[in-house]
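Construct the complete structure from the given sequences, taking the supplied hints into account.
Protein chains: 4
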Amino acid sequence: MTSVILKVTCQDKKGLIAAVSGFISQNRGNIITLDEFVDKASNTFFMRIEWDIQDFSIAREKIAPAVAHVFASGGFGGKWELVFSDTKPRMAIFASRFDHCLWDLLLRHKAGELRCDIPVVISNHEDLLPVAEFFGVPYHVVPKTSENKFQAERKEFEILEDYQIDFVVMARYMQVLSEDFLSRYENRVINIHHSFLPAFEGAKPYHQAFERGVKIIGATAHFATVNLDKGPIIHQATLPISHQDTVDDLITKGRDIEKRVLSDGVKLYIANRVFVHGHRTIIL
Amino acid sequence: MTSVILKVTCQDKKGLIAAVSGFISQNRGNIITLDEFVDKASNTFFMRIEWDIQDFSIAREKIAPAVAHVFASGGFGGKWELVFSDTKPRMAIFASRFDHCLWDLLLRHKAGELRCDIPVVISNHEDLLPVAEFFGVPYHVVPKTSENKFQAERKEFEILEDYQIDFVVMARYMQVLSEDFLSRYENRVINIHHSFLPAFEGAKPYHQAFERGVKIIGATAHFATVNLDKGPIIHQATLPISHQDTVDDLITKGRDIEKRVLSDGVKLYIANRVFVHGHRTIIL
Amino acid sequence: MTSVILKVTCQDKKGLIAAVSGFISQNRGNIITLDEFVDKASNTFFMRIEWDIQDFSIAREKIAPAVAHVFASGGFGGKWELVFSDTKPRMAIFASRFDHCLWDLLLRHKAGELRCDIPVVISNHEDLLPVAEFFGVPYHVVPKTSENKFQAERKEFEILEDYQIDFVVMARYMQVLSEDFLSRYENRVINIHHSFLPAFEGAKPYHQAFERGVKIIGATAHFATVNLDKGPIIHQATLPISHQDTVDDLITKGRDIEKRVLSDGVKLYIANRVFVHGHRTIIL
Amino acid sequence: MTSVILKVTCQDKKGLIAAVSGFISQNRGNIITLDEFVDKASNTFFMRIEWDIQDFSIAREKIAPAVAHVFASGGFGGKWELVFSDTKPRMAIFASRFDHCLWDLLLRHKAGELRCDIPVVISNHEDLLPVAEFFGVPYHVVPKTSENKFQAERKEFEILEDYQIDFVVMARYMQVLSEDFLSRYENRVINIHHSFLPAFEGAKPYHQAFERGVKIIGATAHFATVNLDKGPIIHQATLPISHQDTVDDLITKGRDIEKRVLSDGVKLYIANRVFVHGHRTIIL
Numbered sequence: 007m008t009s010v011i012l013k014v015t016c017q018d019k020k021g022l023i024a025a026v027s028g029f030i031s032q033n034r035g036n037i038i039t040l041d042e043f044v045d046k047a048s049n050t051f052f053m054r055i056e057w058d059i060q061d062f063s064i065a066r067e068k069i070a071p072a073v074a075h076v077f078a079s080g081g082f083g084g085k086w087e088l089v090f091s092d093t094k095p096r097m098a099i100f101a102s103r104f105d106h107c108l109w110d111l112l113l114r115h116k117a118g119e120l121r122c123d124i125p126v127v128i129s130n131h132e133d134l135l136p137v138a139e140f141f142g143v144p145y146h147v148v149p150k151t152s153e154n155k156f157q158a159e160r161k162e163f164e165i166l167e168d169y170q171i172d173f174v175v176m177a178r179y180m181q182v183l184s185e186d187f188l189s190r191y192e193n194r195v196i197n198i199h200h201s202f203l204p205a206f207e208g209a210k211p212y213h214q215a216f217e218r219g220v221k222i223i224g225a226t227a228h229f230a231t232v233n234l235d236k237g238p239i240i241h242q243a244t245l246p247i248s249h250q251d252t253v254d255d256l257i258t259k260g261r262d263i264e265k266r267v268l269s270d271g272v273k274l275y276i277a278n279r280v281f282v283h284g285h286r287t288i289i290l
Numbered sequence: 007m008t009s010v011i012l013k014v015t016c017q018d019k020k021g022l023i024a025a026v027s028g029f030i031s032q033n034r035g036n037i038i039t040l041d042e043f044v045d046k047a048s049n050t051f052f053m054r055i056e057w058d059i060q061d062f063s064i065a066r067e068k069i070a071p072a073v074a075h076v077f078a079s080g081g082f083g084g085k086w087e088l089v090f091s092d093t094k095p096r097m098a099i100f101a102s103r104f105d106h107c108l109w110d111l112l113l114r115h116k117a118g119e120l121r122c123d124i125p126v127v128i129s130n131h132e133d134l135l136p137v138a139e140f141f142g143v144p145y146h147v148v149p150k151t152s153e154n155k156f157q158a159e160r161k162e163f164e165i166l167e168d169y170q171i172d173f174v175v176m177a178r179y180m181q182v183l184s185e186d187f188l189s190r191y192e193n194r195v196i197n198i199h200h201s202f203l204p205a206f207e208g209a210k211p212y213h214q215a216f217e218r219g220v221k222i223i224g225a226t227a228h229f230a231t232v233n234l235d236k237g238p239i240i241h242q243a244t245l246p247i248s249h250q251d252t253v254d255d256l257i258t259k260g261r262d263i264e265k266r267v268l269s270d271g272v273k274l275y276i277a278n279r280v281f282v283h284g285h286r287t288i289i290l
Numbered sequence: 007m008t009s010v011i012l013k014v015t016c017q018d019k020k021g022l023i024a025a026v027s028g029f030i031s032q033n034r035g036n037i038i039t040l041d042e043f044v045d046k047a048s049n050t051f052f053m054r055i056e057w058d059i060q061d062f063s064i065a066r067e068k069i070a071p072a073v074a075h076v077f078a079s080g081g082f083g084g085k086w087e088l089v090f091s092d093t094k095p096r097m098a099i100f101a102s103r104f105d106h107c108l109w110d111l112l113l114r115h116k117a118g119e120l121r122c123d124i125p126v127v128i129s130n131h132e133d134l135l136p137v138a139e140f141f142g143v144p145y146h147v148v149p150k151t152s153e154n155k156f157q158a159e160r161k162e163f164e165i166l167e168d169y170q171i172d173f174v175v176m177a178r179y180m181q182v183l184s185e186d187f188l189s190r191y192e193n194r195v196i197n198i199h200h201s202f203l204p205a206f207e208g209a210k211p212y213h214q215a216f217e218r219g220v221k222i223i224g225a226t227a228h229f230a231t232v233n234l235d236k237g238p239i240i241h242q243a244t245l246p247i248s249h250q251d252t253v254d255d256l257i258t259k260g261r262d263i264e265k266r267v268l269s270d271g272v273k274l275y276i277a278n279r280v281f282v283h284g285h286r287t288i289i290l
Numbered sequence: 007m008t009s010v011i012l013k014v015t016c017q018d019k020k021g022l023i024a025a026v027s028g029f030i031s032q033n034r035g036n037i038i039t040l041d042e043f044v045d046k047a048s049n050t051f052f053m054r055i056e057w058d059i060q061d062f063s064i065a066r067e068k069i070a071p072a073v074a075h076v077f078a079s080g081g082f083g084g085k086w087e088l089v090f091s092d093t094k095p096r097m098a099i100f101a102s103r104f105d106h107c108l109w110d111l112l113l114r115h116k117a118g119e120l121r122c123d124i125p126v127v128i129s130n131h132e133d134l135l136p137v138a139e140f141f142g143v144p145y146h147v148v149p150k151t152s153e154n155k156f157q158a159e160r161k162e163f164e165i166l167e168d169y170q171i172d173f174v175v176m177a178r179y180m181q182v183l184s185e186d187f188l189s190r191y192e193n194r195v196i197n198i199h200h201s202f203l204p205a206f207e208g209a210k211p212y213h214q215a216f217e218r219g220v221k222i223i224g225a226t227a228h229f230a231t232v233n234l235d236k237g238p239i240i241h242q243a244t245l246p247i248s249h250q251d252t253v254d255d256l257i258t259k260g261r262d263i264e265k266r267v268l269s270d271g272v273k274l275y276i277a278n279r280v281f282v283h284g285h286r287t288i289i290l
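Chains as they are written, first to last, in our numbering: chain A, 7 to 290; chain B, 7 to 290; chain C, 7 to 290; chain D, 7 to 290.
The calculated DSS-like cross-link candidates involving lysine-lysine, where the alpha carbons are at most 30 Å apart (straight line), are: (1) K68/A <-> K19/A; (2) K46/A <-> K94/B; (3) K85/A <-> K68/A; (4) K259/B <-> K273/B; (5) K20/D <-> K20/C; (6) K46/D <-> K116/C; (7) K259/D <-> K259/B; (8) K13/A <-> K273/A; (9) K259/D <-> K116/A; (10) K259/C <-> K13/B; (11) K19/B <-> K19/A; (12) K259/D <-> K46/B.
So the derived list for chain B, only partly shown, Cβ under 10 Å to chain C, looks like this: (13) T39; (14) W109; (15) K116; (16) R261.
It is worth saying that the hints were derived from the structure and are not from the lab. Everything numeric in this text was worked out from a predicted model, so none of it was measured. The beta carbon of each residue, even a glycine, is placed where N, CA and C say it ideally should be.
Okay, structure coming up:
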């Protein structure tokens with residue numbers, strides 16, 4: 007079954023659901039799922055609607071113009087995006103030396119959990135080459151220092167373009183991406199922070215958590231932005247801990263939750279369920 | 007703001023969402039939320055759609071006939087139900103001697119969490135009268151024995167009718183309702199079972215849990231049916247326990263989860279989010 | 007069964023467990039539970055040991071001198087404390103207008119979950135008088151303004167002394183206690199903060215959480231200290247939320263977790279399981 | 007630091023903690039942790055005590071006889087076991103075609119989370135050879151049919167003896183072990199069942215869960231016994247699900263919890279924290 011997903015963000019205005027569902031129905035499409043949300047403070051309407059196009063009377067390449075026509079004639083404004091279910095997004099993984107998130111993503115991909123392609127892993131170290139090799143994924147080493155950052159990122163852009171990458175996942179990648187990088191891939195770089203943000207922003211959150219004596223730890227999957235650890239949050243989870251846990255115990259327990267939260271966040275993104283609204287996300 | 011909720015259960019057929027949303031839009035209604043689900047095994051479509059009727063061009067009492075017309079002309083079949091947001095369902099609480107679920111329901115109601123009226127508490131014991139009194143809720147004692155069950159239920163029916171009750175919540179009510187009772191209030195009697203069903207059906211589930219040596223306990227809110235503890239499940243949750251917990255500890259810890267699961271189940275029901283489909287529920 | 011609990015905090019030194027358990031055994035005591043922990047960074051030893059004194063050969067009033075002798079002859083130093091299981095600590099509840107934590111504490115107390123006496127509720131408002139009255143607990147109103155704070159606290163001290171209060175629980179009490187107050191009741195004032203500290207310190211944490219767009223909310227029971235929201239954390243828990251939750255929804259959902267976390271924290275304190283170590287707690 | 011762990015199961019009798027801790031102290035051992043539990047119904051005492059033997063005045067090989075002397079002279083009876091922290095238990099993994107639990111165990115072992123040796127993987131299929139190879143673990147294929155079960159198990163015994171295996175972990179191994187096998191490795195075979203037992207014993211628990219319409223799924227790590235799915239439970243956890251989850255979704259979500267529950271159960275076993283008491287476990 008091939009289907010198409012329409013993602014809509016616009017001012018809330020009567021008639022949009024009717025217009026879109028009428029358009030689908032008149033052209034013999036069958037709606038599979040429809041999720042919507044209205045943010046009242048900003049009067050913004052978000053919708054994710056998916057329909058089966060097997061019997062759809064509009065040819066695939068003409069669906070976008072037809073949708074444009076629906077929006078124009080209804081005066082709905084806003085922005086929208088069409089994604090066909092048989093085109094998989096292409097994801098690049100950035101990693102450094104910690105391997106748990108990389109393993110988790112590649113194993114879930116192999117198990118069929120992640121509906122995307124993973125054509126490349128980029129790292130500033132050689133350490134994780136064997137992991138990528140096991141899954142037959144090309145592994146590019148782009149070393150980074152404070153001096154060569156600009157050139158290194160140029161190298162990374164080349165790789166990302168060669169592999170026609172749609173979005174980037176930082177699997178405990180230990181380098182800060184530049185403003186230039188993040189603006190090229192706006193809301194398309196997913197990072198995992200090893201704390202329940204906004205607590206323990208910055209470096210060594212497990213050490214901070216230990217020092218503060220908290221009874222829970224957590225992890226946060228968010229879009230990377232120039233303001234470190236302040237990007238829109240996609241997913242979060244926590245885990246109970248106790249006074250018996252050393253910093254090393256927190257790091258060990260944290261690996262479990264980091265990888266799950268990151269993979270769950272990536273799944274939501276791949277399913278076209280994540281809408282960024284200011285510094286928040288709407289998950290439909 | 008007054009709104010109306012339309013609940014639909016029918017065969018999955020193209021065009022229903024378009025027909026309904028078109029109807030709403032043409033009459034100047036504004037859709038507030040739309041949730042739907044298709045059960046593929048049975049090809050059944052479920053929808054809960056709510057719209058603002060402030061500017062709706064159809065008078066309140068004519069909405070039902072108009073919706074009937076939409077269904078008839080579209081040939082959608084199935085069944086549907088309209089609920090206006092300003093009519094609160096009327097809930098009767100059945101209780102025995104355990105007070106925690108009763109307190110929880112009445113306190114949440116007082117705090118504005120439960121959008122329903124609670125005009126009466128019925129019990130087979132006098133014990134909980136002071137609780138109902140505190141909240142100014144009439145409390146009727148209907149003693150029950152194996153001999154007088156038939157008469158007792160007749161008495162209960164009278165009370166339920168006097169108070170124009172829409173649905174019943176068994177807040178750890180320790181009597182089994184008859185087939186006659188349950189058929190009169192089909193899918194309108196919510197019970198709480200103090201285990202994660204289907205584990206530990208029947209009596210004394212905490213004793214059973216202790217004996218089996220499980221590491222979790224739980225609670226299940228479900229519709230009461232003739233097959234005890236087999237009714238459609240609305241909500242469930244669990245709690246970790248350890249070898250240190252005695253049966254009494256399980257009972258104490260269990261109270262916490264019983265009352266929460268029951269109240270959460272009741273909230274879903276009141277919000278018109280629960281659809282019964284065979285022996286399962288769809289929660290939209 | 008009457009038992010005694012010995013709480014020990016001292017430098018870690020060989021032989022302490024042997025000395026104490028030998029002392030108990032030689033005097034025909036039966037150890038019921040023994041929990042200990044060594045904080046390696048500071049080389050501090052914490053122990054909570056409870057023994058049955060039914061057949062104990064040392065009279066009740068002579069146990070403390072005898073324990074002192076064990077510590078002196080062993081050269082163990084540090085500090086220790088004896089608590090008899092048949093003496094219940096006396097807890098004062100401070101409340102303002104939010105009633106959920108007050109209800110929760112009083113209902114759990116009535117159900118036998120909290121092994122303490124609750125001789126008094128103090129509030130800066132009259133609103134919650136009916137709640138205290140229902141449970142037959144005296145309710146004292148001590149209004150507070152920025153001007154009368156000093157006098158108001160003197161009044162509170164009198165009440166606390168009249169009722170021979172051992173510790174104070176701030177059940178969403180909306181006033182800051184003075185340094186004088188907190189030093190008189192050091193590590194004996196338990197507060198609930200409605201966020202997963204250290205995130206969202208200060209006022210209106212649910213508003214802060216909504217603004218930040220987090221996907222979890224939480225609550226923190228901690229000892230009140232002069233540094234607001236920075237006291238040693240006793241217990242924490244979190245709850246998943248979504249973009250659909252308004253600030254009001256967060257407040258509603260948060261009540262559930264606030265009251266549970268506070269009551270769980272109070273239970274640990276009453277069970278003599280909480281040891282304060284710098285700005286952290288050890289829970290034995 | 008080398009330490010020794012003493013595990014004790016005996017009738018509850020005054021003086022045992024004093025005797026053991028006195029013995030340790032007199033011989034200049036330093037207690038690291040002490041955990042105990044009394045099962046009142048059966049008056050059974052369980053203890054796990056670990057002490058540093060760096061300065062211990064008794065030579066390593068003479069500790070067991072010395073402990074035996076302590077027990078004999080105290081008349082404590084029961085059974086006890088000594089484990090030195092520098093001897094790692096040797097674990098064999100049995101697997102079939104599902105790879106997630108195998109990956110999880112091997113990755114955690116590589117990350118240093120599992121303090122054991124994994125000298126061999128045994129499978130009835132060739133499929134998972136590459137996984138074992140990646141970690142350099144020998145992989146033996148022992149095909150099994152209902153006809154050759156006896157001979158196959160003899161082959162397995164040989165392998166287990168060749169590799170001097172201490173305990174076996176069934177990582178979604180799809181064959182039932184014989185009574186003979188289980189009696190040779192009594193309470194030394196850990197299995198993972200993909201439901202929150204005792205719900206959904208037997209085959210296809212996710213299909214059963216889907217049919218019943220539960221709102222949670224779970225996993226159970228337990229010792230394998232002749233009564234399938236009835237062995238002593240070591241660890242359990244659950245996960246919320248909804249009507250939207252198909253059986254395939256349950257299988258996917260279940261993998262996550264199965265592997266975590268199994269690895270957590272294995273960690274507890276390796277840490278010598280699991281005591282079997284009838285058909286229950288005590289986790290110290």
